[in-house]
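Asks: From first to last, the protein sequence lines stand for chains A and B. Once you know that position 157 of the first sequence is 157 in the UniProt record's numbering, the rest is easy, because the numbers rise by one and skip nothing. Once you know that position 322 of the second sequence is 322 in the UniProt record's numbering, the rest is easy, because the numbers rise by one and skip nothing.
No wet-lab data here; the hints were simulated from the structure. A hint or two may mislead.
Listed below are the simulated DSS-like cross-link pairs for lysine-lysine, each with C-alpha atoms no more than 30 Å apart in a straight line [unchecked claim]: (1) B:LYS183 with B:LYS7; (2) A:LYS183 with A:LYS7; (3) B:LYS297 with B:LYS268; (4) A:LYS183 with B:LYS326; (5) B:LYS160 with B:LYS271; (6) B:LYS326 with A:LYS96; (7) B:LYS297 with A:LYS253; (8) B:LYS7 with A:LYS160; (9) B:LYS183 with B:LYS271; (10) A:LYS183 with B:LYS96; (11) B:LYS290 with A:LYS326; (12) A:LYS96 with A:LYS290; (13) B:LYS253 with A:LYS326; (14) A:LYS183 with B:LYS183; (15) B:LYS271 with B:LYS96; (16) B:LYS290 with A:LYS253; (17) B:LYS96 with A:LYS7; (18) B:LYS253 with A:LYS297; (19) B:LYS326 with B:LYS183; (20) A:LYS160 with B:LYS268; (21) B:LYS183 with A:LYS160; (22) B:LYS7 with A:LYS253; (23) A:LYS268 with B:LYS253; (24) A:LYS7 with B:LYS160; (25) A:LYS290 with A:LYS183; (26) A:LYS253 with A:LYS268; (27) A:LYS183 with B:LYS160.
To be clear about the criterion: a stretch of chain A counts as covered by chain B if any three or more of its residues have a C-beta under 8 Å from a C-beta of chain B, and this derived list gives those stretches [claimed, not checked]: (28) 53-67; (29) 114-126; (30) 193-205.
Virtual Cβ for every residue (Gly too), placed ideally from N, Cα, C.
So you can see what is in the structure, the chains are spelled out below.
2 protein chains.
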Amino acid sequence: MKLASLKHGRDGRLVVVSRDLSRCIAVPQIAATLQAALDDWANVVIHLRDISDALNAGQLADALPFDPADCAAPLPRAYQWVDGSAYLNHVELVRKARNAEMPPSFYTDPLMYQGGSDDLQGARDPITIRDEAWGTDLEAEVAVITDDVPIGTTAAEAHKHIRLLMLVNDVSLRGLIPNELAKGFGFVLSKPASAFSPVAVTPDELEGDWREGKLHLPLRTWINGEWFGEPNAGEEMTFSHADLIAHLATTRKLGAGSIVGSGTISNKDRKRGFCCIAEVRMIETIEQGKPATPFLKHGDTVKIDMWDQAGRSIFGSIEQTVQLVK
Amino acid sequence: MKLASLKHGRDGRLVVVSRDLSRCIAVPQIAATLQAALDDWANVVIHLRDISDALNAGQLADALPFDPADCAAPLPRAYQWVDGSAYLNHVELVRKARNAEMPPSFYTDPLMYQGGSDDLQGARDPITIRDEAWGTDLEAEVAVITDDVPIGTTAAEAHKHIRLLMLVNDVSLRGLIPNELAKGFGFVLSKPASAFSPVAVTPDELEGDWREGKLHLPLRTWINGEWFGEPNAGEEMTFSHADLIAHLATTRKLGAGSIVGSGTISNKDRKRGFCCIAEVRMIETIEQGKPATPFLKHGDTVKIDMWDQAGRSIFGSIEQTVQLVK
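Could you put the whole structure together from the sequences, leaning on the hints where they help?
Replies: Encoded structure:
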């Protein structure tokens, strides 16, 4: 099942989207918003699936064309957005570029940060920045949405709390990160609004590519229309999505609609390219002494997509243009 | 005007509370929840004020007794909870206890962290912990709730976006903080669910005690019924609530219902006591070589309150008991 939120008010209008992303239908009789559906998932999911099945069978004459440009984020605002760094190749490169050792605990204790969730962007919304010198970067990731997760939930139990998956562009202001992390309290200014794929999908849509809490498909990125990378999100992921949820649940429960991100997808095989500019700049620094690839500027475009085994977009693409505002 | 959310579903039932905290009345005809009111504040505030005026005048026969034990947090879940460290005496003591210098930038660049907002506790809810060895501490603070704050909002402009104030117990697990901060991405596990005062109040309720974006009254704390502190929240606050909002708005807008905390209230005058146990332990460490005051254990109680000039509770008290769950 695929779900989206068309732009409407603060929380969007929930629609069920056909598997091929061509048609959609609003379901106010079931739930007006995705958050409302997640708040009562056990009861509403069967009704949403009935609509989805009928839509995919071409039985709903009142379905409308689906346009990703009409989409808000699946959750236009959420009660929690917390992001991991599950791909340690990315973290190793960051450390290597500044000649720092990787702490051994990083291989057993997930690195995660709490993000702002009051303003989540739609797939075609601009990346709004106030200063190009802040060093704007994409971070292409996979995220899951949970239902209610009790305190103390284990990784084995966490799997069943993963209700939906989607893609994220966790926009990062690289120039602001060193000062902010030096202060010791994590990211605040350096992580402005993230953007999400047009649709969120239930795990069963991913068939065999979703296993052991990892999505085993390449995450594809382009910058200004040029191929930038396609590392596989299922490989070299040290902590699965279930591991990340269990880590959070160590000291607290998670409310329905919590969004948990994987961190930037990153593989050791450099031929696969990248999901963020910082990483290629680190490799340039390690190999050539200084970075060469520039960060994003006004008018630059970013595209993020994931295809199934047959080459069809699963979530629809994130396509954003950087917009400088004063 | 004073507002509260009685426990009801996930988001509570909005009530207007009388100034003396004795009576309340639900206002579903205006807004079912506090978030709904904040989403449309400019339009609903006049209607809420009419109810408040009538309630305070004793004109509402259908008002009910107000019991803080019935209260959820004013926002039982929020789209943003971000907390500052505006009282630098607290930060100085932390640093001094471990012989670290205070970076000069800390006096001009606010220290803030993004907190989890999917689970905000009511004033009489327990502090739920899974391990006493985690070192459970209170942090008594003042927080504001904003309406929509545009990107780039200055401190001078931020004042008008402060719609409500409340008290917070920003529960901290001191034993988990060193490891988590060493990882560099801020607090995740070490800041479980915060609790909030029974009511949130509009700035005009505070009269002359709310000025220049600071609340000039002592914040009173008790542990197991014994006086623990009463530092003044308006003194030695390096960054006002407006400064903190403006800092956040540097790179992003804030959604309506964003909660922005002050950080633990702390004054240099030690006779005024403390708003967190860590601080008295730091002073014990500096003076005696090691801490003596224990952190909170199962069954311990914490009370946090603020009185107006006439000694009346403004927000109602936070009164929590530590509950160990396995």
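Asks: Between B:LYS290 and A:LYS253, is the straight-line Cα distance small enough, at 30 Å or below?
Replies: Distance ~34 Å between B:LYS290 and A:LYS253 Cα, so the pair is violated.
Asks: Does the structure keep B:LYS253 and A:LYS297 at a Cα separation of 30 Å or less?
Replies: Judged against 30 Å, a Cα distance of about 20 Å means the pair holds.
Asks: Do the alpha carbons of B:LYS183 and B:LYS271 lie within 30 Å of each other, as the hint requires?
Replies: Between B:LYS183 and B:LYS271 the Cα gap is close to 36 Å, so the pair fails against 30 Å, i.e. violated.
Asks: Between the region 53-67 of chain A and chain B, see if three or more residues pass the 8 Å beta-carbon test, and mark the coverage as holds or violated.
Replies: It is violated: at least three residues are needed, and the region 53-67 of chain A offers just 0 whose Cβ sits closer than 8 Å to chain B.
Asks: Does B:LYS96 sit within 30 Å of B:LYS271, going by the straight-line distance between their CA atoms?
Replies: Holds - the C-alpha atoms of B:LYS96 and B:LYS271 are around 19 Å apart, at most 30 Å.
Asks: Does the alpha-carbon distance linking B:LYS96 and A:LYS7 stay inside the 30 Å limit?
Replies: violated (51 Å)
Asks: For a C-alpha distance cap of 30 Å, please report whether B:LYS183 and B:LYS7 respect it.
Replies: Violated. B:LYS183 to B:LYS7 sits at ~37 Å, over the 30 Å cutoff.
Asks: Given the hinted pair B:LYS7 and A:LYS253, is their Cα-Cα distance within 30 Å?
Replies: holds (18 Å)
Asks: Would you check the hint for A:LYS96 and A:LYS290, treating anything up to 30 Å between C-alpha atoms as holding?
Replies: Holds, because 13 Å separates the two Cα atoms, which is no more than 30 Å.
Asks: Is B:LYS183 within 30 Å of A:LYS160, Cα to Cα?
Replies: holds (29 Å)
Asks: Hey, B:LYS253 versus A:LYS326, does the alpha-carbon distance stay inside 30 Å?
Replies: holds (13 Å)
Asks: Is the straight-line distance between the alpha-carbon of A:LYS7 and that of B:LYS160 30 Å or less?
Replies: Between A:LYS7 and B:LYS160 the Cα gap is close to 28 Å, so the pair holds against 30 Å.
Hint compliance for this structure: hints 1, 2, 4, 5, 6, 9, 11, 16, 17, 20, 23, 26, 28, 30 are broken, all remaining hints hold.
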